[in-house]
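Just so you know, the sequences run in chain order A and B. The letter at position 126 of the first sequence is residue 126 when you use my numbering, and the numbering goes up by one with no holes. The letter at position 64 of the second sequence is residue 1064 when you use my numbering, and the numbering goes up by one with no holes.
Calculated from the structure, these hints are not laboratory results. Keep in mind that a hint or two might mislead.
Stated by the list, open to error - Here are the simulated distance ranges between beta carbons:
no.	chain 1	residue 1	chain 2	residue 2	range
1	B	Thr1042	A	Asp65	17 to 27 Å
2	B	Gly1122	A	Ala137	44 to 54 Å
3	B	Glu1093	A	Trp12	32 to 42 Å
Claimed, not checked - The list that follows gives simulated cross-link-like pairs (lysine to any residue, SDA-like), each with its CA atoms no further than 20 Å apart:
no.	chain 1	residue 1	chain 2	residue 2
4	A	Lys145	B	Asn1082
5	A	Lys145	B	Lys1118
6	A	Lys120	B	Arg1087
7	B	Lys1049	A	Phe150
8	A	Lys145	A	Ser16
9	A	Lys31	B	Trp1032
10	A	Lys145	B	Lys1049
11	A	Lys145	B	Ser1084
12	A	Lys145	B	Leu1078
13	A	Lys76	B	Asn1033
14	A	Lys84	B	Gln1077
15	A	Lys120	B	Ala1088
16	A	Lys100	A	Gln40
17	A	Lys100	B	Ala1075
18	A	Lys42	B	Thr1129
19	A	Lys31	B	Pro1034
20	B	Lys1118	A	Gly90
21	B	Lys1049	A	Asp70
As the list claims (entries may be wrong) - From chain A, some residues computed to sit far from chain B (all C-beta separations above 10 Å):
no.	residue
22	Glu8
23	Arg21
24	Pro50
25	Arg59
26	Asp103
27	Val104
28	Asp113
29	Leu114
30	Ser128
31	Glu139
Every value quoted in this text rests on a predicted model; they were computed, and no experiment measured them. Glycine included, C-beta positions come from ideal geometry on N, C-alpha and C.
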Amino acid sequence: MSELISAEARSWIGRSADPVRIEISRTDIRKYAIATEQQQAKFLNGDEAPAMFLFGALRPLIPMDQLGPDGIPPDKFLPDLPLKRVMAGGTEMQFHRSVKPGDVLIATRSLHDLVEKQGKTGPLIFVSYNLRVETEAGELVLEEKQTRIFR
Amino acid sequence: MNIFEISVGDTLPERQHTATNVSLFLYNAVIWNPHRIHYDETYTTQVEKHPGVVIDGPLQGDWLNQVVVNWMGDAGQLATFNYSNRRASYLGETLTSGGAVTAIDADAGTVDVELFIKNEAGEVITPGTAQVRLG
Chain A
1 MSELISAEAR SWIGRSADPV RIEISRTDIR KYAIATEQQQ AKFLNGDEAP
51 AMFLFGALRP LIPMDQLGPD GIPPDKFLPD LPLKRVMAGG TEMQFHRSVK
101 PGDVLIATRS LHDLVEKQGK TGPLIFVSYN LRVETEAGEL VLEEKQTRIF
151 R
Chain B
1001 MNIFEISVGD TLPERQHTAT NVSLFLYNAV IWNPHRIHYD ETYTTQVEKH
1051 PGVVIDGPLQ GDWLNQVVVN WMGDAGQLAT FNYSNRRASY LGETLTSGGA
1101 VTAIDADAGT VDVELFIKNE AGEVITPGTA QVRLG
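Modelling step: build the complete structure from the supplied sequences, incorporating the hints.
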């Protein structure tokens, strides 16, 4: 049985955050395409969003006075864990439909699992989330599993 | 691009990426990421103790999927894309992205590729895989 993951933290598994609704704009796609040095005209013209565009588009919009001194917004959708330093783990994406200007998307993030592992330098907790993005009409756009590693 | 003209082991064109202060500022602005390790060198080295301004992991993920997206052009669609950031990378480094075909299923019309971002020492710092659907 896990020593680091409390029963309270474990009760978060399967929990969903409030859905996020975003409107896709051509200008935002064009800005993303320039910043990531895309080479396809459809991205540079903003006709279609590059594969990882939603990673940025779905980031939380938090008032300035809630940002930490490091610039990072608070993550309210995270159980209390005894390990605090976080690293990006892996990302697995399945694309079902391209994202285009004018799309209105609904994204829901749920806590998939909490797993304790022994790393080379000490204990680690792997926190994985499932992200599901649909159109307002309920058409599936993207499924993604994101893993963050706490050490 | 015809699936019957693709072979396992075919390499995808490599590309070099040299982030600058300007490109990292614009990337973090468009993804709305205020974390100071991507634009504030004094804070990054003195407070978070990195050797330099950090090149975002997801930016490398984007460069990684561009390898396959640029290779197939409008001939196909990206079906799946996985990656993980294994080692950090810092402003001033030139990274190389590339990949190779690992499997082909002509009946399903799918091609699997393995992708990498290497640092100047030749270490794969961001590996990934993707499946594309052609036609």
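Okay, the hints, checked on the actual structure:
1. B/Thr1042 <-> A/Asp65: 17 to 27 Å: holds, 23 Å
2. B/Gly1122 <-> A/Ala137: 44 to 54 Å: Hint holds: Cβ distance 48 Å, inside 44 to 54 Å.
3. B/Glu1093 <-> A/Trp12: 32 to 42 Å: Given range 32 to 42 Å: holds, Cβ gap about 37 Å.
4. A/Lys145 <-> B/Asn1082: holds, 9 Å
5. A/Lys145 <-> B/Lys1118: Status violated; Cα separation ~24 Å.
6. A/Lys120 <-> B/Arg1087: Judged against 20 Å, a Cα distance of about 15 Å means the pair holds.
7. B/Lys1049 <-> A/Phe150: holds, 18 Å
8. A/Lys145 <-> A/Ser16: holds, 14 Å
9. A/Lys31 <-> B/Trp1032: Between lysine 31 of chain A and tryptophan 1032 of chain B the Cα gap is close to 12 Å, so the pair holds against 20 Å.
10. A/Lys145 <-> B/Lys1049: Distance ~30 Å between lysine 145 of chain A and lysine 1049 of chain B Cα, so the pair is violated.
11. A/Lys145 <-> B/Ser1084: With Cα atoms ~12 Å apart, lysine 145 of chain A and serine 1084 of chain B stay inside 20 Å; holds.
12. A/Lys145 <-> B/Leu1078: holds, 16 Å
13. A/Lys76 <-> B/Asn1033: This hinted pair holds, its Cα atoms lying about 17 Å apart.
14. A/Lys84 <-> B/Gln1077: Distance ~39 Å between lysine 84 of chain A and glutamine 1077 of chain B Cα, so the pair is violated.
15. A/Lys120 <-> B/Ala1088: holds, 17 Å
16. A/Lys100 <-> A/Gln40: holds, 15 Å
17. A/Lys100 <-> B/Ala1075: holds, 18 Å
18. A/Lys42 <-> B/Thr1129: Distance of about 23 Å is beyond 20 Å: violated.
19. A/Lys31 <-> B/Pro1034: holds, 17 Å
20. B/Lys1118 <-> A/Gly90: holds, 17 Å
21. B/Lys1049 <-> A/Asp70: holds, 13 Å
22. Glu8: Per Cβ check, glutamate 8 of chain A is outside 10 Å of chain B; nearest 28 Å; holds.
23. Arg21: holds, 16 Å
24. Pro50: violated, 7 Å
25. Arg59: violated, 5 Å
26. Asp103: Holds: least Cβ distance 16 Å, greater than 10 Å.
27. Val104: holds, 19 Å
28. Asp113: Consistent with the label, aspartate 113 of chain A stays out of reach of chain B, its closest Cβ about 16 Å off (over 10 Å).
29. Leu114: holds, 18 Å
30. Ser128: Given that every Cβ of chain B is farther than 10 Å from that of serine 128 of chain A, nearest at about 12 Å, it holds.
31. Glu139: With a cut-off of 10 Å, glutamate 139 of chain A remains clear of chain B, as the shortest Cβ separation is near 15 Å.
Checked against the numbered hints listed earlier, the structure breaks hints 5, 10, 14, 18, 24, 25; every other hint is satisfied.
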